[in-house]
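Novice: Sequence lines, in order, name chains A and B. Residue numbering for the first sequence is 0 to 439, as defined by numbering that gives the first Met the number 0. Residue numbering for the second sequence is 0 to 439, as defined by numbering that gives the first Met the number 0.
Just so you know, the hints here were simulated from the structure itself, not pulled from any lab data. Since the model is a prediction, treat every value here as computed from it, not as a measurement. Beta carbons: idealized from backbone N, C-alpha and C, even for Gly. Treat the hints with care, since some could be wrong.
Now the stretches of chain B that chain A is said to cover, found in silico as 3 or more residues with beta-carbon under 8 Å [as the list claims (entries may be wrong)]: (1) 71–77; (2) 95–101; (3) 149–161; (4) 390–402.
Number of protein chains: 2
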Amino acid sequence: MESRRVEPRTLPGFMELLPNEQIEFNEIKEKIQKSYEKFGFLPLDTPVIESSEVLLAKAGGETERQIYRFSKGDSDLSLRFDLTVPLAKFVSANYGELSFPFRRYQIGKVYRGEKAQAGRFREFYQCDIDIIGDGSLSIMHDAELPNVIYETFKTLGFEDFTICINNRKILNGLFKSLGLSKNSTDILRIIDKIEKIGRDSVKKELQEINVEEQKIDKILEFIEISGTSDEKIEALKAFGITDETFMKGVEELEQVICSIRTHRMPEKNFTVDLSIARGLDYYTGTVYETFIENHKNIGSVCSGGRYENLAEYYTDKKLPGVGISIGLSRFFYQAKRENILKAKKNAVAKVLVVPMTNEEMEYSSEVAKKLRDQGINTEQFLEDKKLKAKFKYADKLNIPYIIVIGQEEAKNRTVTLKNMQTGEQETTDLSKLISKIKEV
Amino acid sequence: MESRRVEPRTLPGFMELLPNEQIEFNEIKEKIQKSYEKFGFLPLDTPVIESSEVLLAKAGGETERQIYRFSKGDSDLSLRFDLTVPLAKFVSANYGELSFPFRRYQIGKVYRGEKAQAGRFREFYQCDIDIIGDGSLSIMHDAELPNVIYETFKTLGFEDFTICINNRKILNGLFKSLGLSKNSTDILRIIDKIEKIGRDSVKKELQEINVEEQKIDKILEFIEISGTSDEKIEALKAFGITDETFMKGVEELEQVICSIRTHRMPEKNFTVDLSIARGLDYYTGTVYETFIENHKNIGSVCSGGRYENLAEYYTDKKLPGVGISIGLSRFFYQAKRENILKAKKNAVAKVLVVPMTNEEMEYSSEVAKKLRDQGINTEQFLEDKKLKAKFKYADKLNIPYIIVIGQEEAKNRTVTLKNMQTGEQETTDLSKLISKIKEV
């Protein structure tokens, strides 16, 4: 027998939590879901496996290398690497059945065969919402999403976070007007590092890729625009660039900021940030990133933006959209490491009902049923062990209440209720028990 | 462009629901989860991908052929085909961290490359609970699980279902005492068909595999034991087989039935059924199947049983357990087809707030926020469309209430509330709105 044993290991890069942390993880996941539903987003649950031809219609480069791709029979299959491509497939395939704007959320696992390292997962949860228009989509939706982000992170217990908002048209227009559209990827990559490497190094790196001095100054002037959101918008208007795309971007940004205010979001929770770019190809208008104050090192916890056309690889219908995504597994990992989740004891059962011996099993079953019927998660301890072992079990599982049932209790139809946190213990009527537990 | 288009198809055997059905599916899934949690089961979420060596330590034959197995870099990987093997891995790997009896639930997708056919899925949800003992596990748990099944299906709105209970030791003991242990797989397969093909055909098929006449009679006498659960148990005691395993099985079955009654389950919802066997190798004691009355054709909707040792391939610890599983995707598919789910209109948003023009956007945002703050799922319609189109949208999404906000409403801080079901419409103060919506 021994020789046939296999080591029960989990693959690196795959998150597998102990129950105590899993309870916490699930609670966050459920809160995000409920928050998305509060805004009327509809659920979607697409397969993890798709035909490679469909899933990779648009992919390429780095993305394609990370794909889990394989054959089964004659089929060339791949595991989804995000929830956006499956959404594009779904909307294209079911266009006639959907009501537009189509508001959907999807919370599910996605797969990327990245190099495994701390905080990087090969299987991770994404929590996405997108709003897809049929032909067009009002910019009001661009202003609604920051409100969803705000309500979601408030629900998760955060107060001090900032949703940074920009518009890709502004950057695109700037580069276009400077004749630098072709270099824009490199330039963005360089200016993205300004906080890390400083102004001078950015300047040097831009020189190295042969950007002219005068243009470098204009770029630096741009990314150094500072002040309140309104001041930044005014500065952009006075920036002296008359490129149409640039102007349109500034106009949209102003509209979005103005509309966000109608949602009564606190000013401290959002700001114009002209350095936010987010991958080059996909987004075409508003873009978002979200940072937890004093924990910017964990990166953006919720990002997204507006795109021109969701599904051009599947349909000739024009489907503009705007969406956001929370990378939940990574967020959870980082939040635990940074200790920014509210510390508390996690338990599923609120009460453990413990019969002293099997003689009291029937009455203890009755008590457990009464509690469950009142919506209280209740576990009945069914092993024949010493009382001390039963208490230890409850303690290890953080179950806040124990109900002990001995001969006396069974005879008098009472229970002895012990509060595991305070150690307080009292004998009470079954009829009064529910209200006692509910009130805490 | 056109030529690059890919058909946005979903693979056969993969369930992908439209939002309306997805809402219903998720509601069932959540009810099952809440029901499992009500009994204090702890959540577990293992990876979909495991090392093939680990996942297939025990597999073989039909199972192994159905596995999605592939390489990524140097790794030989497989997708999980059930939630039991990952549980075995998890408990073995984390033995020291867990409290026993370890009660876990897991609800997740599993993968089997079966021949695609109606009602058979290659990706499907399983909703499992298991209770794992450390060395031993009281038979009280075998009696608790039918109670979990009962409460779960009651929560799903079912009244008329039967949990069929048997004990594998009885069958094993019967075959042993008849000297038929080696043929038991074939015999079980044949007697399993008795309802379909009738007594005579079963007899004929048993003759064909060379079971002696006298033994056939004993087998038939056994499976034709009838009456109430108690009558069946009495008949077993008087059946004249003194094999130790047989006797032990009868004793356990009696204990389980007796203990189930202490949970106050209605008698009509459970019964001893001596024909229940469930795959040969795995289960070693109590076994369960659950049938919806008048819809037995959809097969068992919740099955499971007791096993001697969960994880012998991973650890030398003896880990007996008992568990049940609901094959949710299949259940949902069948239940829709048989029309046994309560018909109702599914919607995420309870209210659609519709500003007549963008002028009323700010006040309508305020109304939407008020409703959400009260826990009411509220969508704000943000597209600039004709009122008729907005009503049509609400109707298609089954949103039960529309709040229309025009110039008058914004000025007077009122709203016009329309009940989409009755068509009733009234103008009301914002302050009274919440209670009006909540009371329905």
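Novice: Would you mind marking each hint as holding or not holding in the structure?
Specialist: Checked hints:
1. Coverage of a stretch by a chain is defined here by at least three residues with a beta carbon nearer than 8 Å to that chain's beta carbons; for the segment 71–77 of chain B and chain A the count is 4, and the condition holds.
2. A count of 4 residues in the segment 95–101 of chain B with a Cβ less than 8 Å from any Cβ of chain A is obtained; the coverage claim is therefore met, three being the minimum.
3. Requiring three or more residues with a Cβ within less than 8 Å of a Cβ of chain A, the coverage given for the segment 149–161 of chain B is violated, as only 1 such residues are present.
4. Beta-carbon proximity to chain A at under 8 Å applies to 4 residues in the segment 390–402 of chain B; the threshold of 3 is reached and the given coverage holds.
Checked against the numbered hints above, the structure breaks only hint 3 and satisfies the rest.
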